[in-house]
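Spelled out from the first residue to the last, the chains are:
Protein chains: 2
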Amino acid sequence: MKIIVDAMGGDHAPSEVVLGAAKAASELEIDVVLVGNEEKIKSCLGGQASRIEIVNAQEVISNDEPPVAAVRTKKNASIPMGLRLLKEGYGDAMVSAGSTGALMAGGLFTLGRFEGIERPAIATVFPTKKRPALLLDIGANSECKPKNLVQFALMGSIYCKEIMGVEQPRVGLLNIGVEEEKGNSLVKTTYVMLKELKNINFCGNVEPRDFFDGNFDVVVCDGFTGNIFLKTVEGLAAFLLGQLKDEIKSSIKYSLGALLIKPVFNAVKSRLDYSEYGGAMLLGLDGILVKCHGSSDRKAIFNGIKVAKKFVESDILSEIKEAIKETEGQVG
Amino acid sequence: MKIIVDAMGGDHAPSEVVLGAAKAASELEIDVVLVGNEEKIKSCLGGQASRIEIVNAQEVISNDEPPVAAVRTKKNASIPMGLRLLKEGYGDAMVSAGSTGALMAGGLFTLGRFEGIERPAIATVFPTKKRPALLLDIGANSECKPKNLVQFALMGSIYCKEIMGVEQPRVGLLNIGVEEEKGNSLVKTTYVMLKELKNINFCGNVEPRDFFDGNFDVVVCDGFTGNIFLKTVEGLAAFLLGQLKDEIKSSIKYSLGALLIKPVFNAVKSRLDYSEYGGAMLLGLDGILVKCHGSSDRKAIFNGIKVAKKFVESDILSEIKEAIKETEGQVG
Numbered sequence: 030m031k032i033i034v035d036a037m038g039g040d041h042a043p044s045e046v047v048l049g050a051a052k053a054a055s056e057l058e059i060d061v062v063l064v065g066n067e068e069k070i071k072s073c074l075g076g077q078a079s080r081i082e083i084v085n086a087q088e089v090i091s092n093d094e095p096p097v098a099a100v101r102t103k104k105n106a107s108i109p110m111g112l113r114l115l116k117e118g119y120g121d122a123m124v125s126a127g128s129t130g131a132l133m134a135g136g137l138f139t140l141g142r143f144e145g146i147e148r149p150a151i152a153t154v155f156p157t158k159k160r161p162a163l164l165l166d167i168g169a170n171s172e173c174k175p176k177n178l179v180q181f182a183l184m185g186s187i188y189c190k191e192i193m194g195v196e197q198p199r200v201g202l203l204n205i206g207v208e209e210e211k212g213n214s215l216v217k218t219t220y221v222m223l224k225e226l227k228n229i230n231f232c233g234n235v236e237p238r239d240f241f242d243g244n245f246d247v248v249v250c251d252g253f254t255g256n257i258f259l260k261t262v263e264g265l266a267a268f269l270l271g272q273l274k275d276e277i278k279s280s281i282k283y284s285l286g287a288l289l290i291k292p293v294f295n296a297v298k299s300r301l302d303y304s305e306y307g308g309a310m311l312l313g314l315d316g317i318l319v320k321c322h323g324s325s326d327r328k329a330i331f332n333g334i335k336v337a338k339k340f341v342e343s344d345i346l347s348e349i350k351e352a353i354k355e356t357e358g359q360v361g
Numbered sequence: 030m031k032i033i034v035d036a037m038g039g040d041h042a043p044s045e046v047v048l049g050a051a052k053a054a055s056e057l058e059i060d061v062v063l064v065g066n067e068e069k070i071k072s073c074l075g076g077q078a079s080r081i082e083i084v085n086a087q088e089v090i091s092n093d094e095p096p097v098a099a100v101r102t103k104k105n106a107s108i109p110m111g112l113r114l115l116k117e118g119y120g121d122a123m124v125s126a127g128s129t130g131a132l133m134a135g136g137l138f139t140l141g142r143f144e145g146i147e148r149p150a151i152a153t154v155f156p157t158k159k160r161p162a163l164l165l166d167i168g169a170n171s172e173c174k175p176k177n178l179v180q181f182a183l184m185g186s187i188y189c190k191e192i193m194g195v196e197q198p199r200v201g202l203l204n205i206g207v208e209e210e211k212g213n214s215l216v217k218t219t220y221v222m223l224k225e226l227k228n229i230n231f232c233g234n235v236e237p238r239d240f241f242d243g244n245f246d247v248v249v250c251d252g253f254t255g256n257i258f259l260k261t262v263e264g265l266a267a268f269l270l271g272q273l274k275d276e277i278k279s280s281i282k283y284s285l286g287a288l289l290i291k292p293v294f295n296a297v298k299s300r301l302d303y304s305e306y307g308g309a310m311l312l313g314l315d316g317i318l319v320k321c322h323g324s325s326d327r328k329a330i331f332n333g334i335k336v337a338k339k340f341v342e343s344d345i346l347s348e349i350k351e352a353i354k355e356t357e358g359q360v361g
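Going line by line, the protein sequences match chains A and B.
Quick note, in our numbering, the first sequence goes up one by one and the last residue is 361.
Quick note, in our numbering, the second sequence goes up one by one and the last residue is 361.
Since no wrong hints were added, every one of them can be taken at face value.
Restricting the straight-line Cα-Cα distance to at most 30 Å, the calculated cross-link-like pairs of lysine-lysine (DSS-like) are: (1) Lys291/B with Lys282/A; (2) Lys174/A with Lys227/A; (3) Lys298/A with Lys159/B; (4) Lys298/A with Lys291/B; (5) Lys298/A with Lys278/B; (6) Lys174/A with Lys176/B; (7) Lys174/A with Lys217/B; (8) Lys274/B with Lys278/A.
To be clear, the hints were calculated from the coordinates, so they are not data collected in a lab.
Taking the hints into account, I'd like the entire structure generated from these sequences.
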């Protein structure tokens, strides 16, 4: 198996990416293709280079660039080059900690959509009181049709089963009430369609305030709503922790107490970072693309490559293809 | 001035409501009409009853009842009776800590919409790093047109100026990106219309993660999105505080630390309660309706009546009427 790795993506690229990829190459019994600035990659690698190949890419796409324009103009950046290698079958999957937008835009442009999928989605995992839950779409599609959400439910459900190891994932629809008749016309129509679907375990509407109870494994929504949810979580978490910090500073007694429970704050904060920058899966593209979080260190890159390997070994794509075909018959 | 108070609404009704209303009657130079179970109200009042009148209502609408059905079938409950008194001009405003849904449904049914307003909205205040910000609509309208959002911006802006005392409130549009071209078709069209409006201080898109920075005073969105935001805030806050509590329990050192900074947690939590159950304004109905939070104690009820008084004394309704008229010319 050969995994293509974008050596230039992420806050700690190329060094941490290269070191994580090198570890994966030596421990996971896979070959790695590092795409990026050859000179820099070589200097990061030092001596160790078994099962590693370098493909030189002159340019880099940053997180600040408008994704569509970036992948069109910077054809020699690591993301578009990696995607072309993937498309040509030079590797089995691609891993990147670079711009999600560029990966999605470039993915659509170079790989195209997976057979039968109308809209690919971005999925990410959030912590809950129980096991983590997968939410999709978190921002690829600002406007969705009910059929898109049904496909998100199918893809998310299969991903959750195969990669997260959940038998019969409980699928929910993000909504403003639990009753079937609640919400806007998109979710109302989607509800009826999901209820009819035989190949997923649909468990009804889930309100954002119950999301964190962990009674759902896969939650679907349109990309506008999902992105609002994601960014509200980010914003409120930062606000709350900031408020706690400010209050603590106001007295010596508080500062002492805070010192004692510092590990508690750090533990909860790291669980949150998980949700804030917890990486994302691009589901529905015709190729396997794993997005590591932007702040990935070598361990996170190693884990991303491990997920990609699991994805390649799994039967996800053919399962999705079959599920989509069955669904066409069910929901038209 | 005469304020109608729903004596039966809220978790601590009737006692806390009655005591808050009695305080308002004696301190704010207003008359109060308490609507609810006469016997219970009298027993709560004890001796003190100056400037207070009781209107007996036999039924109560709870928070769990479907609002529309409840206001139609329970015509003698305190909410519908209070609204009828308001409609008949027996009082200048109504204050309730009861079901928001029943107040909105009953309000539409009994009072109707304010001249020129297509859709009334529910507005609530959230804490930020700076001063509190008003968000609307947080759930009255699951489906909105751009024109509705423009009217929300006008009403919110006038309310923020008159009641919250902010000169030139900075108005924002809740979106998934700050750039004009971001979002779904609703927000894209709304953006263009808000930009053209001369009678508000439109400052662009605001992402939920920046909401809490406090750089906007009034933020508008459709009721589905606003309700998702509200419930994500509620859910995440409960989840985070729960996680902190669980971690703290795991060691004696942590428990000691937590004991020292308990007032910090309480301070931040109470600031949050503010946002979770922080009361709401029903804007756009043809009458003044102040919704206190469900967990209101006598002080919160007193403050709610104070807001209602300020609302009556202000020129909000005629300002809104004028703004709507001007806008018709501008945005068609």
